[in-house]
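So the protein lines, in turn, are chains A and B.
Mapping the first sequence onto full-length UniProt numbering, position 40 (from 1) lands on 40, and the numbers just tick up by one.
Mapping the second sequence onto full-length UniProt numbering, position 397 (from 1) lands on 397, and the numbers just tick up by one.
If you are wondering where the hints come from, they were derived from the structure by calculation, not from laboratory data.
The C-beta atom is built at its ideal place from N, Cα and C for all residues, glycine as well.
Footprint (simulated), chain A over chain B, 3 or more residues, beta carbon under 8 Å: (1) 51-62; (2) 220-226; (3) 237-246.
Pairs of lysine-lysine residues, derived as DSS-like cross-links and limited to a Cα-Cα distance of at most 25 Å, are as follows: (4) B:Lys65 x A:Lys130; (5) B:Lys271 x A:Lys384; (6) A:Lys65 x B:Lys126; (7) B:Lys91 x A:Lys66; (8) B:Lys84 x A:Lys65; (9) A:Lys227 x A:Lys285; (10) A:Lys501 x A:Lys91; (11) A:Lys65 x B:Lys91; (12) B:Lys265 x B:Lys320.
Number of protein chains: 2
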Amino acid sequence: MSQDIALKMYQRDRHRAQALFKHSPTLSKSASLEGDHLLHRFEPDWSKFEHVYAHELLPQKDGCKKTSRFLQEVVDVLIDYVHKSNDRSTKVLDFHHPHTLREMMDHCLDIQEEPQNLEQILSDCKETLKYCVKTGHPRFFNQLSTGLDIIALVGEWLTATANTNMFTYEIAPVFTLMEDIVLTKMRECIGWENGEGDGIFAPGGAISNLYAVAVARHTVMPDGKTKGLSSLPRLVMFTSEHSHFSIKRAGALLGIGTDNVVLIKTDERGKMIPSVLDAEIERAKREGGVPFFVSATAGTTVLGAFDPFNDIADICEKHKIWFHVDGAWGGSALISQKYKGLLEGVQRADSMTWNPHKLMGILLQCSAILLRRKGLLEASNALKAPYLFQEDKQYDVVYDTGDKAIQCGRHNDVFKLWITWRANGDTGFENRINGLLDMSHYLQQKLKERKGFEFVLENPQFINVCFWYVPSSMRRLTPGPERDARLHKVAPKIKAMMMEKGSTMVGYQPLGEKPNFFRMIVSNAATTQPDIDFMLNEIERLGEEE
Amino acid sequence: MSQDIALKMYQRDRHRAQALFKHSPTLSKSASLEGDHLLHRFEPDWSKFEHVYAHELLPQKDGCKKTSRFLQEVVDVLIDYVHKSNDRSTKVLDFHHPHTLREMMDHCLDIQEEPQNLEQILSDCKETLKYCVKTGHPRFFNQLSTGLDIIALVGEWLTATANTNMFTYEIAPVFTLMEDIVLTKMRECIGWENGEGDGIFAPGGAISNLYAVAVARHTVMPDGKTKGLSSLPRLVMFTSEHSHFSIKRAGALLGIGTDNVVLIKTDERGKMIPSVLDAEIERAKREGGVPFFVSATAGTTVLGAFDPFNDIADICEKHKIWFHVDGAWGGSALISQKYKGLLEGVQRADSMTWNPHKLMGILLQCSAILLRRKGLLEASNALKAPYLFQEDKQYDVVYDTGDKAIQCGRHNDVFKLWITWRANGDTGFENRINGLLDMSHYLQQKLKERKGFEFVLENPQFINVCFWYVPSSMRRLTPGPERDARLHKVAPKIKAMMMEKGSTMVGYQPLGEKPNFFRMIVSNAATTQPDIDFMLNEIERLGEEE
Chain A
1 MSQDIALKMY
11 QRDRHRAQAL
21 FKHSPTLSKS
31 ASLEGDHLLH
41 RFEPDWSKFE
51 HVYAHELLPQ
61 KDGCKKTSRF
71 LQEVVDVLID
81 YVHKSNDRST
91 KVLDFHHPHT
101 LREMMDHCLD
111 IQEEPQNLEQ
121 ILSDCKETLK
131 YCVKTGHPRF
141 FNQLSTGLDI
151 IALVGEWLTA
161 TANTNMFTYE
171 IAPVFTLMED
181 IVLTKMRECI
191 GWENGEGDGI
201 FAPGGAISNL
211 YAVAVARHTV
221 MPDGKTKGLS
231 SLPRLVMFTS
241 EHSHFSIKRA
251 GALLGIGTDN
261 VVLIKTDERG
271 KMIPSVLDAE
281 IERAKREGGV
291 PFFVSATAGT
301 TVLGAFDPFN
311 DIADICEKHK
321 IWFHVDGAWG
331 GSALISQKYK
341 GLLEGVQRAD
351 SMTWNPHKLM
361 GILLQCSAIL
371 LRRKGLLEAS
381 NALKAPYLFQ
391 EDKQYDVVYD
401 TGDKAIQCGR
411 HNDVFKLWIT
421 WRANGDTGFE
431 NRINGLLDMS
441 HYLQQKLKER
451 KGFEFVLENP
461 QFINVCFWYV
471 PSSMRRLTPG
481 PERDARLHKV
491 APKIKAMMME
501 KGSTMVGYQP
511 LGEKPNFFRM
521 IVSNAATTQP
531 DIDFMLNEIE
541 RLGEEE
Chain B
1 MSQDIALKMY
11 QRDRHRAQAL
21 FKHSPTLSKS
31 ASLEGDHLLH
41 RFEPDWSKFE
51 HVYAHELLPQ
61 KDGCKKTSRF
71 LQEVVDVLID
81 YVHKSNDRST
91 KVLDFHHPHT
101 LREMMDHCLD
111 IQEEPQNLEQ
121 ILSDCKETLK
131 YCVKTGHPRF
141 FNQLSTGLDI
151 IALVGEWLTA
161 TANTNMFTYE
171 IAPVFTLMED
181 IVLTKMRECI
191 GWENGEGDGI
201 FAPGGAISNL
211 YAVAVARHTV
221 MPDGKTKGLS
231 SLPRLVMFTS
241 EHSHFSIKRA
251 GALLGIGTDN
261 VVLIKTDERG
271 KMIPSVLDAE
281 IERAKREGGV
291 PFFVSATAGT
301 TVLGAFDPFN
311 DIADICEKHK
321 IWFHVDGAWG
331 GSALISQKYK
341 GLLEGVQRAD
351 SMTWNPHKLM
361 GILLQCSAIL
371 LRRKGLLEAS
381 NALKAPYLFQ
391 EDKQYDVVYD
401 TGDKAIQCGR
411 HNDVFKLWIT
421 WRANGDTGFE
431 NRINGLLDMS
441 HYLQQKLKER
451 KGFEFVLENP
461 QFINVCFWYV
471 PSSMRRLTPG
481 PERDARLHKV
491 APKIKAMMME
501 KGSTMVGYQP
511 LGEKPNFFRM
521 IVSNAATTQP
531 DIDFMLNEIE
541 RLGEEE
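Make a model of the complete structure from these sequences and hints.
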């Protein structure tokens, strides 16, 4: 018995044990002698996977050991990647143009008629990771979602292993309960009484916003579900000119039409101007349209602006229009006592989008659409398919969430959030968010101190810091179209150079009349002040080189 | 140096090494002496995680070792679950009613203000898995997607670790190339010349079908994108009465209206009747509607029927209507030389949905929408958001897929499919699919041999086997409404009992006038003939008990 267990342990850990023994002279002899003796007595040598194929793993009858060994081997590769992602001496990415990368990976990209052995599969994994952008690297600032949270990673690994579908309690009992608990907690953060209301996790903020428009549309015109929109009056929706494009796309997709998505002017800080909203609603009515939906933004994509929610809520109440808040980016500020004031008035919303995969560091994807009133999601989407949502089940089918969704099968996006929230507590998340804001303030301070950097917007409300780098050769140009035209080309060039070098990644874009500028985001808890300095030095250096 | 490495190895593997040494008397003394000596000299004892918290892991400066150790510990828990899922002596599930489960898990479900230590987090993971339905268990037959493929699992673990977003080549270079390669291969399977065309991975078949309707709508009425549907003629779409409800839901969501989703009658085998389709199209035209979309199904959800694609393609050509094939379930048959004939004519489709997360055993979610012509996806969905899809990037932006999508951020669903396809080759997938069909034929044979089992449909086309179990007490009843009413209650009762017992899970539903019956699916490569026998014995035994 004891020998049997030892053998199992040894087989499982042979690779590791050998490495251990190799470097520990006292142990090596006895260990390798006894271990190898045991091993050779019972087992063929399959320490290498060259002669092992996928079909030999579980569920193959004798696949247990091979499966464990193979998974362990893969995990070693993955853990190594996690370490490298956190190692500042490694590049953020190893950039190659699409056709070049394709050629470089030619030996492993194509799918063949015959299976590849597991040694090759391991090599494929390593090769893939080699050319991945390290989104968890402390100097990756390119997106609103950066970083690699270890607990969230654990959450996604477990989610994959449990491999189930969120549509019914029947096959996702624990995760269904967790979804209920987490959505309730998020609604409490919004300020809805007792966390009551409704909601569902959706594959990303764009789909969460789509849900909001769909439910609002159904609420104002329930006949649309059966009759369609061709026989109904022209619906009109409103959002700020700085809002995320997914609002407009929802208008296109849901048959509202982008002409009927009115983009409301913003002030110089990127916040929707309430009086303009009110006037546009009036105008739409005069022109025979039916205003039904206003989307305000909590944290716009570029400037990080928060619309004036209370003013907008007043207008929506006056006109009896659905009030949605797109908090995909800024919603997470609700967890911080220090910054939740940015969302003042949000509790008056009918619905809110909130992406924990952004500021809360949860792995992609994790987005929720939250609704103040119960029943509307289901009224809007339910079709009561009898092969999925049988009413004669033995348990309370109110726990089956599938008929609220616009998806059928739905990935479990809640577990990783739930476990990360458990591990951090409210206080951990609050510290995280406050720390990121501190880092943003540090960056702003540095920008003020350095030459050649100009703010697009000084003292922004949130994490986003938008700035130009003006190379010294351009600093004496008179402000105007010519300077703008030259400045427009600077950020793309610097970005291209930093990518070729692999040193760091920062996003850029134009905005209205403003030429291309950098939008710097710190949403990665790995980033330190020296990383910020590094990034600024890099922009300056590359900007002077070009 | 060597001592240093040994120490590192030892720390990482202390837990394992101890277990190994414990059972290996010859090794134990020297190992534990030297190991513990090294350990105590340099490091505090954190073999337990009771005093370790999430914020001490990476990216915390000295978090490397703790992170490795913690991830290893989690992986041990996950591998244990994988083994249990494949162990027939374990239950498929440990069923509890929602309120009971909530009480049972009360000590760990709620999210607290303060963080939980990592020992608790490990315990949370174990507790969660304890109450999960083992969807990879050889006796789990409840859904179209069952099983736990190890390579696909590896794929999802790596995907989580690489944690990136599919919207641009910039941050997903390798995965973007893989998506192109895999979609091309899928289009080749359909039979489109050189695999040309377009496509994208979507979060599930329902959304893939939604894409198809949206693109078809845009193609027939491009003005709808800007003007909306209220000013346009009434659009009408067609699908069989046995098709998946997501087609109807797409009609509701996209503003077509469910009244304008015409459900075409099927024959006794569940196949759409082409002459009825033709007549309904004519009728819709006479009534002022604009027929624009026909969805044929490759493998219906309940009976597994394949519509007559060539006949339907003829009708669509005649009327110049978009021809879509919903192959979410049956599309994978294209990989089998033996069964691809089921999809004869599919190459004439304008679009096709295909879910590798069903028959190909890929983890949830993995679904593709494939299109015969290039450019339509983008025409339908693009909004050219300047902060994401800059035209002045240094690489060829044709590789940025984001503006084709209705999502903004998009999960990487391709890597797990790519790596599993690499590991299995075409032949491996073909063997898998043929094997599942063989198992379905075995089940049909057994049903014919046993008493009390009645086919809903004899000799089905595909894997789905639909049958009633008629308890002996009901076998002498005259066929008719009274017998049907009693029979209607049998499957739910048996299902409830098998769930309470945790022995197996099979789905049931009514269909039209037909009372509740079992729909048996073998899509799990782990299932053997004795598992089929077990399931039939179980139904019989529980059916007689009730």
